[in-house]
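Taken in order, these protein sequences are the chains called A and B.
Sequence positions in the first sequence follow my numbering and run 1 to 115.
Sequence positions in the second sequence follow my numbering and run 1 to 112.
In case anyone wonders, no lab produced these hints; they're calculated from the structure.
Some hints could be false.
Claimed, not checked - Each computed DSS-like pair below joins lysine-lysine, with the alpha-carbon atoms no more than 27 Å apart:
id, chain 1, residue 1, chain 2, residue 2
1, A, K18, B, K68
2, A, K57, A, K31
3, A, K57, A, K18
4, B, K42, A, K17
5, A, K17, B, K68
6, A, K18, B, K1
7, B, K1, A, K31
8, B, K42, A, K18
9, B, K68, B, K1
What the hints assert, rightly or not - Covered stretches of chain B (in silico footprint by chain A; criterion: 3 or more residues with CB under 8 Å from a CB of chain A, positions within the stretch not fixed):
id, stretch
10, 24-31
11, 39-45
All values reported here derive from a predicted model rather than from experimental measurement.
The beta-carbon is built from N, C-alpha and C at its ideal position, and this holds for glycine as well.
Residues per chain are reported as follows:
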Amino acid sequence: EADIYQTPRYLVIGTGKKITLECSQTMGHDKMYWYQQDPGMELHLIHYSYGVNSTEKGDLSSESTVSRIRTEHFPLTLESARPSHTSQYLCASSEYSASFNSPLHFGNGTRLTVT
Amino acid sequence: KQEVTQIPAALSVPEGENLVLNCSFTDSAIYNLQWFRQDPGKGLTSLLLIQSSQREQTSGRLNASLDKSSGRSTLYIAASQPGDSATYLCAASSGSARQLTFGSGTQLTVLP
């Protein structure tokens, strides 16, 4: 049963539009992540946050931005969508662990198509 | 830079068979190794997490092992069922930021 919610599930949008992908979790987790996944490929980390007002870029270069104003909310924004942004975007969270050994919980993803 | 490989990319077995999925990683200095399941069009579900100090973890019909020295982990599924059909991904936590590096997964089909 999902405690991490992503909206919308599917989005088709034209080039140049600004979009925001929403992610919320009800578990009180400090850590949140955004991954990008193309079909049949591995996940790539694009942004992460270790708490309110903390955001970092991941390994994959991305033109998106994120914010973390509230613990439960971690939206991702694309200022100007392009066809190269077409992909599945997965949000995840994990609880704080001094040993960094907490499993990730994932939302069901947003499948974005930019025409 | 950590690289994670999963072979085979796809596997089809008859129901009831025991099977092993393989995961290899290039940097043995990992903090943990995680196995996930992904159903079509969905997010990932955490199956097992093996800490670097552990050799294996078990959950029901699933058993995951870790051999850091050889850079390998295996996921053993006993008595497979059609409901086990999904893509299984492994991910290694490493580096100063302890971020996860994912493999591209093994797509498992269990035939009734």
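Hint-by-hint comparison with the structure:
{"no.": "1", "hint": "A/K18 <-> B/K68", "verdict": "violated, 44 Å"}
{"no.": "2", "hint": "A/K57 <-> A/K31", "verdict": "holds, 14 Å"}
{"no.": "3", "hint": "A/K57 <-> A/K18", "verdict": "holds, 20 Å"}
{"no.": "4", "hint": "B/K42 <-> A/K17", "verdict": "holds, 25 Å"}
{"no.": "5", "hint": "A/K17 <-> B/K68", "verdict": "violated, 46 Å"}
{"no.": "6", "hint": "A/K18 <-> B/K1", "verdict": "violated, 33 Å"}
{"no.": "7", "hint": "B/K1 <-> A/K31", "verdict": "holds, 23 Å"}
{"no.": "8", "hint": "B/K42 <-> A/K18", "verdict": "holds, 25 Å"}
{"no.": "9", "hint": "B/K68 <-> B/K1", "verdict": "holds, 16 Å"}
{"no.": "10", "hint": "24-31", "verdict": "violated (count 1)"}
{"no.": "11", "hint": "39-45", "verdict": "holds (count 5)"}
Going through the hint list in order, the structure does not satisfy hints 1, 5, 6 and 10.
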